[in-house]
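Colleague: Using the sequences provided together with the hints, build the complete structure.
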Amino acid sequence: MSIKVLTLALAATTALAAPALAQDQIRIGVSIPAATHGWAGGLNWHAQEAERRIEEANPNIDITLVTADSPADQASDIEDLISVQQIQALVVLPFESDPLVEPVRQAKESGAFITVVDRGLPDESIQDVYVAGNNTELGSVSAEYFLTRLGDGDNIVILRGIPTVIDTERFDAFMEGIEGSGINVLDNQFANWNRDDGFEVMQDFLSRFPDIDGVWAQDDDIAMGVVEAVRQAGREDEMFIVGGAGMKDVIKGIMDGDELIPVNVLYPPAMIATAMDVTVAHFNSNGPVTGTYILGAPLITQENAEQYYFPDSPF
Amino acid sequence: MSVSAHEAAKPRKGFHLDLKTAGPLLALILLIILGYSLNPAFLNEGNVTNILTRSAFIGIIAVGATFVITAGGIDLSVGSMAAFIAGMMIIIMNGAVDAFGASIWTVVLGIGCSLILGIGAGFINGFLTTKGKIEAFIVTLGTMGIYRSLVTYFADGGTLSLNNGAREIYRPVYYESFLRIPYPVWTFIIVAIIGWILMNRTAFGRYCMAIGSNEHVARYSAIKVDRIRTVTYILQGLCVSLATIIYVPRLGSASSATGVLWELEAIAAVIIGGTMLKGGYGRIGGTVIGALILTAIGNILNLTDIISNYLNGAVQGVIIVAAVYLQRGSFRTGRRAKKPE
Chain A
1 MSIKVLTLAL
11 AATTALAAPA
21 LAQDQIRIGV
31 SIPAATHGWA
41 GGLNWHAQEA
51 ERRIEEANPN
61 IDITLVTADS
71 PADQASDIED
81 LISVQQIQAL
91 VVLPFESDPL
101 VEPVRQAKES
111 GAFITVVDRG
121 LPDESIQDVY
131 VAGNNTELGS
141 VSAEYFLTRL
151 GDGDNIVILR
161 GIPTVIDTER
171 FDAFMEGIEG
181 SGINVLDNQF
191 ANWNRDDGFE
201 VMQDFLSRFP
211 DIDGVWAQDD
221 DIAMGVVEAV
231 RQAGREDEMF
241 IVGGAGMKDV
251 IKGIMDGDEL
261 IPVNVLYPPA
271 MIATAMDVTV
281 AHFNSNGPVT
291 GTYILGAPLI
301 TQENAEQYYF
311 PDSPF
Chain B
1001 MSVSAHEAAK
1011 PRKGFHLDLK
1021 TAGPLLALIL
1031 LIILGYSLNP
1041 AFLNEGNVTN
1051 ILTRSAFIGI
1061 IAVGATFVIT
1071 AGGIDLSVGS
1081 MAAFIAGMMI
1091 IIMNGAVDAF
1101 GASIWTVVLG
1111 IGCSLILGIG
1121 AGFINGFLTT
1131 KGKIEAFIVT
1141 LGTMGIYRSL
1151 VTYFADGGTL
1161 SLNNGAREIY
1171 RPVYYESFLR
1181 IPYPVWTFII
1191 VAIIGWILMN
1201 RTAFGRYCMA
1211 IGSNEHVARY
1221 SAIKVDRIRT
1231 VTYILQGLCV
1241 SLATIIYVPR
1251 LGSASSATGV
1261 LWELEAIAAV
1271 IIGGTMLKGG
1281 YGRIGGTVIG
1291 ALILTAIGNI
1301 LNLTDIISNY
1311 LNGAVQGVII
1321 VAAVYLQRGS
1331 FRTGRRAKKP
1341 E
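Read top to bottom, the protein sequences are chains A and B.
Reading the first sequence from the start, the letters are residues 1 to 315 in the working numbering.
Reading the second sequence from the start, the letters are residues 1001 to 1341 in the working numbering.
Source of the hints: derived by calculation from the structure; they are not laboratory data.
Remember, it's a predicted structure, so these values are computed and weren't measured experimentally.
Treat the hints with care, as some may be off.
[Said to hold, decoys possible] Label-pair distances were calculated between CB atoms; the ranges are: (1) A:Glu96 <-> B:Glu1168: 33 to 43 Å; (2) B:Gly1142 <-> A:Arg231: 33 to 43 Å; (3) A:Thr168 <-> B:Leu1264: 24 to 34 Å; (4) A:Gly296 <-> B:Arg1180: 47 to 57 Å; (5) A:Glu236 <-> B:Leu1038: 27 to 37 Å; (6) A:Lys252 <-> B:Ala1322: 27 to 37 Å; (7) A:Asp237 <-> B:Val1315: 48 to 58 Å; (8) A:Thr164 <-> B:Gly1112: 39 to 49 Å; (9) A:Asp258 <-> B:Gly1095: 21 to 31 Å; (10) A:Pro122 <-> B:Val1217: 53 to 63 Å; (11) A:Pro210 <-> B:Gly1142: 44 to 54 Å; (12) A:Arg105 <-> B:Asn1309: 30 to 40 Å; (13) B:Trp1105 <-> A:Asp237: 30 to 40 Å.
[To be verified] Only part of the chain B face toward chain A is listed, based on derived beta-carbon distances under 10 Å: (14) Gly1046; (15) Gly1158; (16) Ser1256.
Where is the CB? At the ideal position from N, CA and C, for every residue including glycine.
Modeller: What follows is the structure in structure tokens.
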């Protein structure tokens, strides 16, 4: 008899307590890749900044930020967020799209609101919100700038990132953009979004090609390496370099009127903060938020550089 | 009986050994011919200087790795260690610039700290392996993760950049030359010569080979196995520190992407050069050639576009395996084995 009462009482309390807890606190899990290169470092910094800002402004929001070193690692992270943290919303920037479909689908099936950032999932029905930079536009905006500076018979070299969809989208859009202009692409090589590789690949381009008018590095880490190689060869006056993403050192240089890197194209790691804000708005705002948000990839010039300058960010 | 048989076989073996020494050199010469035929710019003075300077990092680290591997150990932490030391040097030099302004002493301080950190890190690896009795693979896998995370942490996930004032003073260490040979190449040459003498002309080198071929026999022969082993790791740390000292002025920055996979490149250079991965036999000269081969492959791939970019890794793989095949002289052994006894 007493056991029965106890069980009933227990059941009643759990039943009462669980929803009460859930209503008090909205738990949001944020899963992103660890800071393995410059851009991801910026991503981590902006995610932490956003976590602090959002939690201060919204006492009902509890954000858990986890970082992963590999797709498999990230899959486990998401499982933990579902089972241990019992999240009501998941903001995820997938390491790679395909391997993370199932873990994110599980989160969706557990009832969580899903926000996918940057690298979209092949099955779009899983995501409620999609926030991304625009790789295609990064390529085409860069190409437009090259068209304003160069013309028929001018030579350029391209340093690419890591062979992935992101890189291919940028590259294809750029090639399409300069098609028919007579600009001659001497060669393209992968520099792995890495300064050292950018330096070495550019050194080799410099010894191979006596006439280079422009360099498209499509990433600022690579561009920093390219700059050193060009300086070493003493060929600064011969060419210009365009990177991409919006690294603070590069933006600062553009503000100061650097002629070697005159412009940049934005691909902001701060997009994670946008995604987190939109997710919070789903719980705290009366406006609808579901849908796709593609951020612009504007050209950063000396005139507008200041608004993209974050001196405290590590990137 | 067995002694005389051994002596009888010697002249033939001597010729075989000669080819073994020449194997890596042969591979390098073939590679140079290939590079030149694909693009004559390969042998321009500028490009040759680039290859030599670039190979200095891996080469110097690989000289240290030759000792570790010869004595039967392995060090997987060198790439992370280089990133960590580079990061600490930059932090310390930036701090010194803030406190005292930029001068030549800032750079001297940075170099001093680098040496201390390198020797310390090497000692930790050696101590844990010998006194802690943990396998070198596990110890250095652990320290590899620790150093990589530490540099990421200190850089806040981003990039540590050297203060511009200090950078201008330090820059010549990478970019300037003496007798038309850049300083990094001089460092590489000096490290290689000292390494060669240590390996081939001192008791220490012989002890390394003895420990690597049979630890127990070495111990019974009154060789202080633990001490010698620890010294090999300290030498490795010192080499990493020297490589970092010439690396930092190149880009003036360090991040979590610095030195990724250097450990594998260094080990590959050692093995291509003829040192046995299982220990007991070390060749400094071969290691130097191994480092040059690795750098030359990457350079040749950048100088040509007949091969799809996506296949770069495959080409590297084929050349590395072919170089070791030449060096092992397996084709010769095969032919000899067919001869009746």
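Colleague: All the hints need checking, so say for each whether the structure fits it.
Modeller: Hints and how they fare:
no.: 1; hint: A:Glu96 <-> B:Glu1168: 33 to 43 Å; in the structure: 42 Å, holds
no.: 2; hint: B:Gly1142 <-> A:Arg231: 33 to 43 Å; in the structure: 39 Å, holds
no.: 3; hint: A:Thr168 <-> B:Leu1264: 24 to 34 Å; in the structure: 27 Å, holds
no.: 4; hint: A:Gly296 <-> B:Arg1180: 47 to 57 Å; in the structure: 50 Å, holds
no.: 5; hint: A:Glu236 <-> B:Leu1038: 27 to 37 Å; in the structure: 29 Å, holds
no.: 6; hint: A:Lys252 <-> B:Ala1322: 27 to 37 Å; in the structure: 47 Å, violated
no.: 7; hint: A:Asp237 <-> B:Val1315: 48 to 58 Å; in the structure: 35 Å, violated
no.: 8; hint: A:Thr164 <-> B:Gly1112: 39 to 49 Å; in the structure: 42 Å, holds
no.: 9; hint: A:Asp258 <-> B:Gly1095: 21 to 31 Å; in the structure: 27 Å, holds
no.: 10; hint: A:Pro122 <-> B:Val1217: 53 to 63 Å; in the structure: 60 Å, holds
no.: 11; hint: A:Pro210 <-> B:Gly1142: 44 to 54 Å; in the structure: 49 Å, holds
no.: 12; hint: A:Arg105 <-> B:Asn1309: 30 to 40 Å; in the structure: 34 Å, holds
no.: 13; hint: B:Trp1105 <-> A:Asp237: 30 to 40 Å; in the structure: 35 Å, holds
no.: 14; hint: Gly1046; in the structure: 5 Å, holds
no.: 15; hint: Gly1158; in the structure: 2 Å, holds
no.: 16; hint: Ser1256; in the structure: 6 Å, holds
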